[in-house]
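**Student:** In the numbering used here, the protein residues as written are 1 to 426.
In short, the hints are calculated from the structure, not lab data.
Beta carbons: idealized from backbone N, C-alpha and C, even for Gly.
Warning: the hint list may mix true and false statements.
Heads up, simulated DSSO-like pairs for lysine-lysine below, C-alpha to C-alpha not over 30 Å straight-line [unchecked claim]:
hint: 1; residue 1: Lys63; residue 2: Lys187
hint: 2; residue 1: Lys73; residue 2: Lys94
hint: 3; residue 1: Lys186; residue 2: Lys209
hint: 4; residue 1: Lys63; residue 2: Lys7
hint: 5; residue 1: Lys200; residue 2: Lys63
hint: 6; residue 1: Lys344; residue 2: Lys370
hint: 7; residue 1: Lys254; residue 2: Lys186
hint: 8; residue 1: Lys410; residue 2: Lys366
hint: 9; residue 1: Lys63; residue 2: Lys29
hint: 10; residue 1: Lys209; residue 2: Lys63
hint: 11; residue 1: Lys370; residue 2: Lys418
hint: 12; residue 1: Lys366; residue 2: Lys344
hint: 13; residue 1: Lys29; residue 2: Lys237
hint: 14; residue 1: Lys366; residue 2: Lys390
hint: 15; residue 1: Lys71; residue 2: Lys29
hint: 16; residue 1: Lys366; residue 2: Lys351
hint: 17; residue 1: Lys187; residue 2: Lys209
hint: 18; residue 1: Lys410; residue 2: Lys390
hint: 19; residue 1: Lys160; residue 2: Lys94
hint: 20; residue 1: Lys209; residue 2: Lys160
hint: 21; residue 1: Lys200; residue 2: Lys187
hint: 22; residue 1: Lys390; residue 2: Lys418
hint: 23; residue 1: Lys63; residue 2: Lys186
hint: 24; residue 1: Lys344; residue 2: Lys237
hint: 25; residue 1: Lys351; residue 2: Lys29
hint: 26; residue 1: Lys73; residue 2: Lys7
hint: 27; residue 1: Lys7; residue 2: Lys71
hint: 28; residue 1: Lys390; residue 2: Lys370
hint: 29; residue 1: Lys187; residue 2: Lys237
Okay, the calculated beta carbon distance ranges per label pair [to be verified]:
hint: 30; residue 1: Arg184; residue 2: Thr9; range: 23 to 33 Å
hint: 31; residue 1: Glu174; residue 2: Thr57; range: 17 to 27 Å
hint: 32; residue 1: Lys351; residue 2: Gln117; range: 42 to 52 Å
hint: 33; residue 1: Lys160; residue 2: Asn413; range: 53 to 63 Å
hint: 34; residue 1: Gln37; residue 2: Ser243; range: 25 to 35 Å
hint: 35; residue 1: Lys351; residue 2: Gly258; range: 19 to 29 Å
hint: 36; residue 1: Gln37; residue 2: Thr297; range: 38 to 48 Å
hint: 37; residue 1: Ala232; residue 2: Gln10; range: 14 to 24 Å
hint: 38; residue 1: Glu229; residue 2: Gln117; range: 40 to 50 Å
hint: 39; residue 1: Ala279; residue 2: Asp193; range: 12 to 22 Å
hint: 40; residue 1: Thr236; residue 2: Thr211; range: 26 to 36 Å
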Amino acid sequence: MSINRPKGTQDIVPGNVERWHYLEDEIRKICSDYGYQEIRTPIFEATELFQRGVGETTDIVNKEMYTFEDKGKRSITLRPEGTASVCRAYVENKLYAQPQPMKLYYLGPMFRYENTQAGRFRQFHQFGVEVLGGDAPLVDAEVIHLIWEFYRRIGINNIKVHINSVGCSECRGEHRERLQEFLRDKKSDLCSDCQVRFEKNPMRILDCKNTSCQEIVANAPTTLDTLCEDCAQHFTKLQQLLSLAEIDYHINPKMVRGLDYYQKTAFEVIAEGIGAQSAICGGGRYDGLVEEIGGPTTPGIGFAMGIERILAVLENQQKDSEEETKRGVVVAALGDLAQQEGFKLASELRKAGISTVMDLMGRGLKSQMKFADRQGARYVLIIGEEELTKNIIIVRDMSLGDQTEITRDKIINFLSDKLTNSELLL
RNA sequence: GUGGAUGUGGCGAAGUGGUUAACGCACCGGAUUGUGGCUCCGGCACUCGGGGGUUCAAGUCCCCUCAUUCACCCCA
């Protein structure tokens with residue numbers, strides 16, 4: 001019996017990893033463009049951090065955490081999301097003492113113990129942004145604009161940006177009462193989950209996927225109906241700014257996200273064609289969170305997007321692949337002596353910045369040519385006994401199909417002149 | 001956690017109880033001397049996911065198990 005990778009994990013192998021590199025590069029670039037700095041926090045944290053930070057009533061904490069006890073009897077959890085850790089690090093490193101707001105981003109693996117399906121893994125990767133120490137709608141707008149611009153840059157177009165305001169601790173209370181009032185006589189018709197939610201977190205009944213619950217809740221008071229003066233202004237201002245930035249957003253009063261810490265602004269980006277798990281980005285404002293985990297009162301807002309889901313979207317909308325261009329050099333050597341010379345030549349070429357590969361299997365010339373072709377090499381440098389004695393090298397142009405002889409001492413210059421920068425990279 | 005689907009070589013995929021398990025792609029080798037992409041030839045399943053059972057006979061039927069996958073809940 002061979003050993004397989006754990007359920008819900010994946011190996012990212014050559015031929016695929018390049019897409020990750022591309023996204024990672026774009027992520028770093030856009031964060032730099034918007035003035036966000038990277039923060040790296042541990043992959044595992046004290047379990048309590050997530051219990052307090054993410055919220056005891058959430059699915060993440062209730063059933064999706066990878067929790068274990070370490071040898072010191074500490075309860076440890078593989079991070080299921082990034083926000084709690086970033087806030088913890090913000091407090092622990094006293095980043096609040098630096099100029100505010102603190103604009104941070106992270107990129108890395110997250111872990112959630114749940115059944116897998118299209119777009120859902122046990123180890124998956126998120127790119128996320130957190131802004132701590134700024135409570136203005138302008139901050140919300142900048143964060144959403146970063147998302148919008150990011151998708152534009154990587155060529156994702158069929159997306160919908162949903163926004164909502166779930167209110168703050170003050171207006172949330174009023175909403176809760178009005179909603180419970182509205183639902184009281186209909187309670188028995190709700191699904192079993194929602195009957196529990198009725199007491200614990202009635203707001204979440206609003207976005208229950210159960211169709212009968214949706215009907216019941218169709219005319220229920222939303223959080224937008226009960227926003228306090230402050231929250232209402234914040235939301236209005238945000239909409240103005242988004243319009244100004246020409247972001248095509250949709251207000252969805254029923255969108256209530258599953259994490260306890262959201263206040264005021266909540267948003268989600270939905271893509272098409274990647275299966276049932278269509279949210280490629282989710283986030284919101286969490287003004288009480290830093291305080292909750294023991295820090296100073298600090299407003300915050302952030303989002304996380306799933307790398308795997310972005311890749312799925314890109315793959316889904318990908319047009320016919322672009323024809324690959326010939327790049328780099330392959331050294332084909334025949335026999336022991338020539339192989340030594342080839343090895344030396346390859347070292348020199350690489351030192352000169354020319355991407356070079358040589359056969360390591362001692363194959364015949366025909367095989368080496370085939371190998372060079374597969375590698376997509378632009379030139380093959382052929383060295384055999386004859387060339388060795390004559391002190392020359394055969395340079396074969398793989399796209400033109402012709403070849404010339406170049407003396408050994410001129411070969412580096414010859415290739416440097418011939419190859420453009422893009423052709424040097426394999 | 002719950003439900004459906006599927007498990008045959010590296011990948012895709014025939015096979016619907018009976019001799020040595022098709023085929024395609026990939027990979028490796030060859031087609032007279034040291035030359036690629038086309039063509040031709042050859043090589044590549046000692047566990048047909050694993051275990052048990054039915055049968056003279058099972059990849060093909062039954063049971064169990066594991067895995068993968070899609071979906072629900074929820075989310076990235």
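**Student:** Hint by hint, say whether it matches the structure.
**Tutor:** Verification of the supplied hints:
Simply put, lysine 63 and lysine 187 have alpha-carbon atoms about 25 Å apart, close enough for the 30 Å limit, and the pair holds. For a cut-off of 30 Å, the pair hint linking lysine 73 to lysine 94 stands: about 28 Å separates their Cα positions. Restraint check for lysine 186 and lysine 209: satisfied, since their Cα atoms lie roughly 17 Å apart, inside the 30 Å limit. Restraint check for lysine 63 and lysine 7: satisfied, since their Cα atoms lie roughly 17 Å apart, inside the 30 Å limit.
Using a Cα cut-off of 30 Å, the hinted pair lysine 200 and lysine 63 holds, with the two alpha carbons roughly 17 Å apart. Distance restraint check for lysine 344 and lysine 370: the Cα-Cα separation of roughly 22 Å lies within the 30 Å cut-off, and the hinted pair is therefore satisfied. A distance of roughly 18 Å separates the Cα atoms of lysine 254 and lysine 186; the hinted pair therefore holds under the 30 Å criterion. Pair hint lysine 410 plus lysine 366 holds up; C-alpha atoms about 26 Å apart against a cutoff of 30 Å.
Straight-line distance between C-alpha atoms of lysine 63 and lysine 29 comes to about 36 Å, which puts the hinted pair past the 30 Å bound. Taking the CA atoms of lysine 209 and lysine 63, the gap is about 19 Å. The hint holds against a cut of 30 Å. Straight-line distance between C-alpha atoms of lysine 370 and lysine 418 comes to about 22 Å, which keeps the hinted pair within the 30 Å bound. Distance hint between lysine 366 and lysine 344 is fulfilled; the C-alpha atoms sit about 22 Å from each other, no more than 30 Å.
With a C-alpha separation of about 28 Å, the suggested pair lysine 29 and lysine 237 falls inside the 30 Å cut-off, and the hint holds. In summary, the hint linking lysine 366 to lysine 390 is supported, as the alpha carbons are separated by about 22 Å, within the 30 Å threshold. For a cut-off of 30 Å, the pair hint linking lysine 71 to lysine 29 is broken: about 41 Å separates their Cα positions. The suggested pairing of lysine 366 with lysine 351 holds, with an alpha-carbon distance near 27 Å, which does not exceed 30 Å.
For a cut-off of 30 Å, the pair hint linking lysine 187 to lysine 209 stands: about 16 Å separates their Cα positions. Note on lysine 410 and lysine 390: the hinted pairing holds, with a Cα-Cα distance of about 14 Å set against a maximum of 30 Å. The suggested pairing of lysine 160 with lysine 94 is violated, with an alpha-carbon distance near 37 Å, which exceeds 30 Å. Between lysine 209 and lysine 160, the direct Cα distance comes to roughly 19 Å. Compliance with the 30 Å bound is thereby established for this hinted pair.
Straight-line distance between C-alpha atoms of lysine 200 and lysine 187 comes to about 14 Å, which keeps the hinted pair within the 30 Å bound. For the suggested pair lysine 390 and lysine 418, the alpha carbons sit about 23 Å apart, so the restraint of at most 30 Å is met. For the suggested pair lysine 63 and lysine 186, the alpha carbons sit about 28 Å apart, so the restraint of at most 30 Å is met. Distance hint between lysine 344 and lysine 237 is unfulfilled; the C-alpha atoms sit about 66 Å from each other, more than 30 Å.
Of the pairs offered as hints, the one joining lysine 351 and lysine 29 holds, with about 29 Å between alpha carbons and a cut-off of 30 Å not exceeded. Of the supplied pair hints, the one linking lysine 73 and lysine 7 holds, its CA atoms being roughly 27 Å apart against a limit of 30 Å. This hinted pair checks out: lysine 7 and lysine 71 have alpha carbons roughly 25 Å apart, not beyond 30 Å. This hinted pair checks out: lysine 390 and lysine 370 have alpha carbons roughly 26 Å apart, not beyond 30 Å.
Taking the CA atoms of lysine 187 and lysine 237, the gap is about 36 Å. The hint is violated against a cut of 30 Å. Restraint check, arginine 184 to threonine 9: a C-beta distance of roughly 46 Å breaks the suggested window 23 to 33 Å. Checked against the given bound of 17 to 27 Å, the beta carbons of glutamate 174 and threonine 57, roughly 20 Å apart, stay inside it. Hint check: lysine 351 to glutamine 117, Cβ distance near 50 Å, so the stated range 42 to 52 Å holds.
In this structure the hint that lysine 160 and asparagine 413 lie 53 to 63 Å apart at CB holds, the actual value being about 56 Å. With their beta carbons about 29 Å apart, glutamine 37 and serine 243 fall inside the hinted range of 25 to 35 Å. The hinted window of 19 to 29 Å between lysine 351 and glycine 258 is violated, with their beta carbons roughly 55 Å apart. With their beta carbons about 23 Å apart, glutamine 37 and threonine 297 fall outside the hinted range of 38 to 48 Å.
At about 44 Å, the beta-carbon gap between alanine 232 and glutamine 10 misses the expected band of 14 to 24 Å. Look at glutamate 229 against glutamine 117: about 43 Å separates their beta carbons, and that is inside 40 to 50 Å. For alanine 279 and aspartate 193, the Cβ-Cβ distance of about 19 Å falls inside the hinted range of 12 to 22 Å, so the restraint holds. Remark: the range hint 26 to 36 Å for threonine 236 to threonine 211 is upheld by a beta-carbon distance near 32 Å.
When each numbered hint is compared with the structure, violations occur for hints 9, 15, 19, 24, 29, 30, 35, 36, 37.
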